[in-house]
Structures are given as C-alpha cells and as structure tokens.
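Residue numbers (this note's numbering), protein chains in the order written: chain A, 1 to 301; chain B, 1 to 520.
Fair warning: there could be bad hints in the mix.
To be verified - Derived CB-CB ranges, DEER-like:
1) B:Val367 - A:Val89: 19 to 27 angstroms
2) A:Thr95 - B:Glu199: 35 to 43 angstroms
3) A:Asp227 - B:Glu517: 20 to 28 angstroms
4) B:Ser380 - A:Leu192: 18 to 26 angstroms
5) B:Leu17 - A:Gly67: 54 to 62 angstroms
6) A:Tyr44 - B:Glu199: 34 to 42 angstroms
7) B:Leu502 - A:Arg80: 53 to 61 angstroms
8) A:Glu111 - B:Phe321: 17 to 25 angstroms
9) B:Ser148 - A:Thr95: 52 to 60 angstroms
Simulated from the structure, these hints should not be mistaken for laboratory data.
All C-beta atoms, glycine included, are put in the ideal place defined by N, C-alpha and C.
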Amino acid sequence: MTEENKEKNFKKRFGKFYDSFYKILLLIPLIIIIFSFVYMGIFYSNNGDFIFKDFSLTGGTSITLIGKVDASLLEETLFRSLDELNTRVVYDITTGEQTSLIVQTKTNSDEAIKILESYLGYPLNDENSSVEFISATLSEDFYRQLLFAILIAFLFMAIVIFLIFRNFLPSAAVVISAFADILMTLTLVNILGIKMSSAGIVAFLMLIGYSVDTDILLTNRVLKRLDGTINEKIFSAFKTGMMMSLTSLVALAFALVVSSFFSVILAQIFTILVIGIGFDIFNTWVTNASLLKWYMTKKQK
Amino acid sequence: MVYDKETKMKFNFSFTLRIWILIVAILLSLLAIVGSPINLFQQGILVTGVEQNSTSFESGLRQGQIIIEVDGNLIKDIDDYSMALLGKFDSGENVKTIIKTKDSEIILFSNNTPEITISEIPKTNIKTGLDISGGARALIKAQDKEISSTEASELKEVINNRLNVYGIEDVKVSSISDLSGNYYVRIEIAGATPEGLKELISQQGKFEAKIGDEVVFIGGKDITSVSRSGQDALVESCSQQADNSYFCNFRFSVYLNEEAAKRHADITKELDVNYTGGGVYLSKKLDLFLDDKLVDSLFISEGLKGRVTTQISITGSSTGFTQEEANKNARDEMNKLQTILITGSLPYQLEVVSLDTISSSIGKNFVSSIIKVGLIALLSVSLLIFLRYKKIKLSLALLLTSISEIVIILGIASLIKWNLDLPSIAGILATIGTGIDQQIIIMDESKEPSSSLQQSLKRAFMIILGAYLTVTAALLPLYWAAAGFFKGFALTTIIGVTAGILITRPAFSDIIKKIKEREE
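Given only the sequences and the hints, what does the whole structure look like? Please build it.
In structure tokens:
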C-alpha cells in the first residue's frame, strides 16, 4: 500500500469513528468544564479569589540579591520576620551558576530591606540588589483593572468573531471553546499552586488572542470552503492547525526552559501559554470541531 | 541584504511590489535602529548625567559628552574609566584630573570622583526600559485624596522641580491616569538610584521654623534663597561615636524675606537671655519641623535678640558606619533639606504606591539571554517546518520573514523612542509566535489542489484578518489598564501584528507564489 492509500484508508476508518462518536466526544470537554467550575467554586469559597497571588498582586516587595546568597538558609532564618516569604534562584544560562536570589514578601520595602541587611550584614544598594515595591492598594487596583481588561478583551474578541462569521452557532462554538481554554488553564494553574503575578494575568490576555487562531481557521475552512465533506474539511484544517499549535508549543517550551533560569516573569508567561495552548489543541479539535460538525450535519438535513 | 541575495541567487525571479515594500521596510527599519553608522566606530564612554552645582559641572562636563581619555589613559569602556580613577581620591585632598572628551579638554580639581553618570556609547537607537538597563521608577499618588488631572500635572511640575533642584539628571516625570480614573505621577530615573529618592519624592516637605508656638518662617514661601556651596553650605565636623559609628554635622545658610526677618525680630525681642556653660543663648530655641516632625532644635545666640536678620544658619547631622558614609549621608541630608526649603511644600500628603530600583548589573546579561531564547525558539520552529514540508526554501522563507518582522518592530520602536521593557520583549516574542502561525496558514492554503492559488491566498487572508482583529481587540484594553505597566506589551504586539498583516504577510504570500510558479 502506498503512503497516500494508507492515509486515505486511515481517514476513512477515522471518519466512520468520528461520525458515530463526535457527539459523545463532547462529553469529555463538558465533564472537564463542569469539574473546572466546581473546582473554581470551591477554590473561590476557600480563598476568596480566583487565583493565588504573588507580591505584585497583593502588594509587597521583591528584592533581588546579586550573588550566591543561599536560598534555603535565608528562608529558614527569616520566614518568621518576612511575611509570606518566597525565594527564587536565578541562574546564568550559559554557566548554570547562581547569579542572584529573588526574595519576595508581603512586608513593605523599607522594613524588608532592614531585615535583609541585618541578616546579610551589609547594606543594600543599587550595585548589589534590585528592589521592587508595590503597595497593597495599588496592586489591588491593578488586579481589578487587569481582570476588567480580560473581560473587555474577551468581549471584543467575541464581537470580532461574530462579525467575521455572521453566523450565530458556529461563532458561539468558537467563543465557547475560547472560554473553555481559559477556564481549564486557570483551573490547572490553581491545581499546580502557581502564584500568579500581574504578568501572569497578561499571559491570559495573550491566550485569548492566541487560542482563537486555530478556531477561526477551522470554522473558516468548514463554513467557507465549498468542496469536500465536513470530515475532509475538518481534517485538512486539523493538519494546518496542529502544525500551528505544535510550532507554538515547541517554541514556547524551549523559551520556558531557557527563561526559567533567568526570568521569573517570562517563565510564568510561557508556563501559562504552554498550558493554554495545550488545552486549546483539545478544545479546538474536540469541543469546537464537534459543535461545528453537529451544526453542519443538522443544517445539511 | 541577506534576503535580497538569497532570493536572487536561488530563485532568480523578479520582485513583486509587495516584496519590494518588505525590502524597503527592512532597510528603513535598519536605518532607524542603527542611526548614524559613525556610532559603531566611536570609542570612549558617554556622559549620561552631571550633578548640578558640582565641581564637574562647573568645570564644564556636560551630559552627552564622550570621554576618550583620563589623565592620558585611553578610555575604551567603563572598566577603563574606573581603573583610571582607582584610588586617586583616597587621600581626601584636592587633586588634578585631566579629562579629554571628543572635542574638548576639561581640567578638574576635586577631592572626590567626578559627579557624573556614565554609560557605554550606545551602538543602536534601541532603548531598553529601566527594568533591563537599571534605574529607578516610582508611582506616587495623593494620600486619601482624589486628584484631578490639573492637580496631577501641577504635582508633576513640583516633583520635577524638586528633582531638578536636588540635582538628579536623566529624569522623566509624567502624570498618568488609569482605567479607574485614578491619577498618578510617574518618575523614571535612568542609571544609578539617587540616595533618599523615596523621601525626596514622597515628602510633603512642609518646613516650619518655630520659636515656642510661634512660626518664624515657612519653607518655600518665606525663603528668598538657600546657599548651596562654598563656606555657607558644608559638612563641617565628623566624629566617631561610642558604638564605633560616625557622626557628621552639616550647616548651610538660608535667606529670609523681610516679612519673616521682622517676625524673627518680634519674637526674639520677648525672649530672656540664658547664661549656660557653653555660651550665651536666648531662653527658647529655634525648632525646625519637617512635615510636623521635629528635625532639629537650634540655640539662638544672644546677639540675634530682637534683630531683623535675613540670614539664618540651619544645622543638622547624619550618621554612618564609616566616616565616608556619614559624610555622604550628611551631604545627602543637607541637599534634601535645601531642596525642600527652596521648592516649598506640596498641597497634600503623598503616597509612594510603587517603587522599583533596578540594579544595572542585573540587566547586563538579560538582553543576550533573551536573544538566545528567541533564536532557539525560531530555529526549533524552522526545523519543525522543514520536517513537515520537506522544503528548505519554504523553511528559509519563513525564518527570514520572522526575522524581518523582528527588525521592523525594533525599527518602529527606535523611531518612536520606545523604551523596550520586559513586557515589550514578551510582546515581540508573542508576535513572532502568531506570525509563524499565520505563515503556516498561507503555506497550507496555497497547497490546496482544488482551488486556484489566487483564491487560496485570498482565503488565507480572511483567516489571518480574523486572527489579527481578535488579537488587536484583546490587547487594546491593556494599553490603559494598570497605570500603563503593560503598555509595552500591547504596543509591540500591535505594531508587530499590524506590520505583519500590512507588509510581511503579503510579501510572504508572494514569495510562496513565486516559489510555486518556479516549481511548476
């Protein structure tokens, strides 16, 4: 059998399977969505918020100590005096040696600097350290505004989708799968216990833009292309879309590995995007594709 | 031009208008990035700031000069400069330093290192944000008070004035508002963080001199001038204390207006004269209050009783671990007090809601690390594309298009003098990601056998337009949210995707078309 025949044969068998099971496939995202809602509900009632926040969203201080300051020793000694103490080691990406230590705490900067200075035994200046401070009121304000920005962004995105396709159900399918991407990513981020920074929230915003690309591709191919069966259209879109997601995933995964050595902010952005695009693959080709097939099959009848 | 050569040599086809547009865009961007090519070969270091009223300033050192020689030593980089001055001022005596700049020679007599900030000569017009290049940035707002936009710009002026009088160079003060209608003043200072910055910008600076309960003079309002150098403003005596730390006194003169001088006379007239062991003073002291906190109490000598005097000496002190540090702290403290006395107080209490002081040594490796991340990501993607399409030309075209997109973003950023901060760089990475996705759509649509190439590419464009609109719509709110902290992310992404849809994507689809035509 030639390569082409093999592929045709596979398509045929897979098409048969898909025709009989696509509605049942929808149960998987449905279950995950319900689970996510329940989890987030419990999470919200326990924590009074949708995420675990780091200092940039609760207010507090982040101090980068240049040099090889020992992380665990510092944490052991100071966890009582510095509120919600957290440390991260930063490495040089070529030598792999520690270049600095990031100390994050809810304590305000003046106090935190004093405590660290007496622990280290030398004064902190702008040659041996960086200090970032944000007040509780400002960070709460930022948090509210960023959530608002996400809401508006989602709304704008939905409007654009409806304007492009001018067809309610297929557009709704895109919006639903974009929503599922965000909900599932948020849930997994919380399950992993990631403390989110303001940059992390921005990553969610990015995800809104990123995740609908493949959905637009799929919907466009299925709705606007005249020749071929629904399955053929979905399959051709799948080939292109998977390539898109895979390249993004590979690039992001490399970026994540490298940046985790030297930038907490970039590493968090990339982590959230990797998770998000992972879910997007699932939601585009299961949630959105099945909903779209359902709609098209109904319409053809 | 790599691109140019590549296409001509390998494919030997005529360029379409769209490809020409891309080439012109790349050339213009490169021009915007590099600026004057002379900079590439200029040796020396750049003076980025000179402290006002300092010996260096008075001797003629100015911001923007390029230092090429110090005491006959050739200066190629910052290390050379530090080496040339190493140990020179340890004695504390005035020594001569000859600084040769690109177009002048400056001779300094001083007992400390030149009061200037320096940097390497920038090779490109690309500017990095404070979170990468180092510096300080602060966001301040009125405490317990909503201020209007006019009040915010007034506040901006006062702060700007204060920083200038204090002698901080290379500072940008702006008033900004956010999505909830709050007004802030943002201060950005490149280079080293000035000592006591937080107090300087947050202090309301209400300065009152009282004798008993009566106010003699108020900072700003009653002051005609303040001595800033010479014998009328100096750190005069330092001594070691019991706990081994050091203690330095400073003293400077202020000049009062007639009204305040008369007040001084009226109040002191009523006071008794006390004979203490140390000298003869009036019965009450002159108490100095800064923001309602007592900072110093000065004895008033007998001779001033009932006199209309316009000159008053203000004294104070600071401590430090070493004598050098105590001396420096006293000087800083004096400078701060002088600044507040000249500029007067702010109409309300301020709150520093965010303050970042970023060490320049952290960002040093950052840019090269970022470039490595970008290159690794791009190469891995190109490899993946090659594995999938098995065509080296396609992979190369994709890689070059992505690189050209980065060049265009950097070019526009240089042109509008945008400081590339961390969020901006994340935005560039995001743009490249979406760009590659869209190029894959173009390649796949063009492969479709059933419809004509023209139709396929048109369809690809509809998909890309949709993706473009959603990304732009999603990022627009970010431009205003969170006091502009993530503005850079929105900006670079929107520049990138817009350049993509207008320039690189059309050119890429033409390149694909040409490659296809050649194959047939």
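Now the hints, each set against the structure:
1. Restraint check, Val367 of chain B to Val89 of chain A: a C-beta distance of roughly 21 angstroms satisfies the suggested window 19 to 27 angstroms.
2. Take Thr95 of chain A and Glu199 of chain B: their Cβ atoms lie about 39 angstroms apart, and the range 35 to 43 angstroms holds.
3. Our hint of 20 to 28 angstroms for Asp227 of chain A and Glu517 of chain B holds, since their Cβ atoms are close to 23 angstroms apart.
4. A beta carbon spacing of about 25 angstroms between Ser380 of chain B and Leu192 of chain A agrees with the range 18 to 26 angstroms that was offered as a hint.
5. Look at Leu17 of chain B against Gly67 of chain A: about 56 angstroms separates their beta carbons, and that is inside 54 to 62 angstroms.
6. Restraint check, Tyr44 of chain A to Glu199 of chain B: a C-beta distance of roughly 41 angstroms satisfies the suggested window 34 to 42 angstroms.
7. Roughly 58 angstroms separates the CB atoms of Leu502 of chain B and Arg80 of chain A, a value that falls within the hinted 53 to 61 angstroms.
8. Checked against the hint of 17 to 25 angstroms, the pair Glu111 of chain A and Phe321 of chain B passes, with Cβ atoms roughly 20 angstroms apart.
9. The hinted window of 52 to 60 angstroms between Ser148 of chain B and Thr95 of chain A holds, with their beta carbons roughly 53 angstroms apart.
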